[in-house]
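Peer 1: Chains as they are written, first to last, in this note's numbering: chain L, 1 to 425; chain F, 1001 to 1083.
These are calculated hints, taken from the structure and not from any lab test.
Glycine residues also receive a C-beta, built at the ideal position from the N, C-alpha and C atoms.
Take the hints with a grain of salt, since some may be wrong.
[As the list claims (entries may be wrong)] Here are the simulated lysine-lysine pairs, DSSO-like style, with alpha carbons at most 30 Å apart:
#1 F:1035 x L:73
#2 F:1066 x L:397
#3 L:128 x F:1054
#4 L:317 x F:1054
#5 L:131 x F:1054
#6 F:1035 x L:128
#7 F:1011 x F:1066
#8 F:1066 x L:132
#9 F:1021 x L:119
#10 F:1054 x F:1012
#11 F:1011 x L:132
#12 F:1082 x L:73
#13 L:132 x F:1038
#14 L:131 x L:119
#15 L:119 x F:1082
#16 L:317 x L:397
[To be verified] Derived list of chain F stretches under chain L, where covered just means 3 residues or more per stretch with a C-beta under 8 Å from a C-beta of chain L:
#17 1012-1021
#18 1032-1043
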Amino acid sequence: MRHRVVVTGLGVISPNGVGVPAFLHAIQNGVSGIRFIPQYEELKFNCQVSGVPEFDWNQLRNYLPEVIFHGLKSLGIGYAVKAALDAWADAGFTVETDQPLWDAGCVFGSSVADTDVIKNSIVRVDAKESKKLGSRVVEQIMNSGVSAYVSGRLGLGNRVISNSAACATGTQAIVMGYEYIKNGSAKRMLVGSSEHVDPYIFGSFDSMRILSRKFNDHPEQASRPMSASACGFVPGSGAAALVLEDLDFAIERKATIYAEITGGATNSGGQRCGGTMTAPNSGGIIRCIKDAVADANISTGSIDLIAGHLTATAADKLEIQNWSEALGRKGEDFPMVNSLKSMIGHCLSAAGSIEAVAAVLEISNQFAHPNINIEDPDPEIVAMTGPESIPSKMIQKEINHIAKANFGFGDVNTCLIFSKYNQHG
Amino acid sequence: MDRQEILEELKKVLFPYTENKEALAGITEETNLLKDLKVNSANLVDIIIDAESKYNIEIDFDSSEKMFTVGNCIDVIEEKLKS
Chain L
1 MRHRVVVTGL GVISPNGVGV PAFLHAIQNG VSGIRFIPQY EELKFNCQVS
51 GVPEFDWNQL RNYLPEVIFH GLKSLGIGYA VKAALDAWAD AGFTVETDQP
101 LWDAGCVFGS SVADTDVIKN SIVRVDAKES KKLGSRVVEQ IMNSGVSAYV
151 SGRLGLGNRV ISNSAACATG TQAIVMGYEY IKNGSAKRML VGSSEHVDPY
201 IFGSFDSMRI LSRKFNDHPE QASRPMSASA CGFVPGSGAA ALVLEDLDFA
251 IERKATIYAE ITGGATNSGG QRCGGTMTAP NSGGIIRCIK DAVADANIST
301 GSIDLIAGHL TATAADKLEI QNWSEALGRK GEDFPMVNSL KSMIGHCLSA
351 AGSIEAVAAV LEISNQFAHP NINIEDPDPE IVAMTGPESI PSKMIQKEIN
401 HIAKANFGFG DVNTCLIFSK YNQHG
Chain F
1001 MDRQEILEEL KKVLFPYTEN KEALAGITEE TNLLKDLKVN SANLVDIIID
1051 AESKYNIEID FDSSEKMFTV GNCIDVIEEK LKS
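With the sequences and hints as input, model every part of the structure.
Peer 2: Here you go:
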């Protein structure tokens, strides 16, 4: 028996807004979260701007026991804990429990645990001072650190997994949680992802010459998906979390339902047929989108909005072409398309979950958020989407289905279908 | 430094590792770190590292394995301070 899956809780730490109300206001009004980072100028990076959330570290004292907070150094885990616990509370659940919650699990992803924590370990060990590292380093170096902290705080007793699939990590975590509930393995799943881009990760991307470098004096203009002047992406940091629930379970406890996840798929292009470590095999992407739409049992024509991956590199054109082919729609028939990255940059592993929270809010509040920095849309993209499909202002209209996708290094793809909740299915 | 002084200093070392601040305020030499203060056993190593730094001493493996009660801890710290 297939169980319906609904979204009942949200938490978000975004460069343009921490917490759901601030984030909703920001995405409706096209508020940029991209800032100049003086340290990146000193480090001689080409790209000297980044999306950095205004995060109050000391606020974590309200989220973690004092003993756990003492010794926590990982910003990525800090983001994850706040986003996850906010989502849990938003769903109406309490934190304290003496017994494990056997019906509740967690899939929470990240790219790396935290290179600042790893650096501390390297420096200590190289100085022959490993004995000073203490008990709290391993848990924060492990990739599973984020899910371990989140599940431990809440007593989650079902499947607890940290996933990692580069820039598809966040949406993949959501697909995994969705599938567990759909298949009846769990009643509720706390899913999401986290990313803290420190200088070591940032510098490695910078060296690939794929980052935006021409707007260091105008940070809010630096991320320009689908524009003719797009010249690379802007890395960002943050986290987001969603509480997914079995519909019957949610109804029984009279939960507030934001949206339904009606379909999801994740695959890989196999790094074949044009796909490489860093470039996608279009065949894989098209298949992934089609699989998600088929899983939702809707027609490709009923997608109202594409929440794209769209990072502001040369790959934007190929992505639009893939959407067009997968949905069989072009020109005036092409659905609206937006990229949250125009406001917050590319939050890597956190991108999928932050962008998914935006998609859920667009469903629950019935709007499409604007793209910013789209004064000069790429003519080749407009040739495929038609002139009206790329909103530069918020559009309020009926939104029944959003297709949300992310694609990552390693040729991995994930697509989700978020739908307006309708009790009759 | 006499034993009472070490005990008072030890309260500061233990402070971040126990949620039970009331029990900590009232510790005696008989107080057991794990059972009475509910210190996570993995954190014993952090307490040793902090004590080493605070008293500028080195606590070897054999000594650290004796540090179950506040009295045990004072024994070890007192001995290392003398040597």
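Peer 1: Taking each numbered hint in turn, which are not upheld by the structure, reported in ascending numerical order?
Peer 2: Failing hints, ascending: 2, 4, 6, 9, 12, 15.
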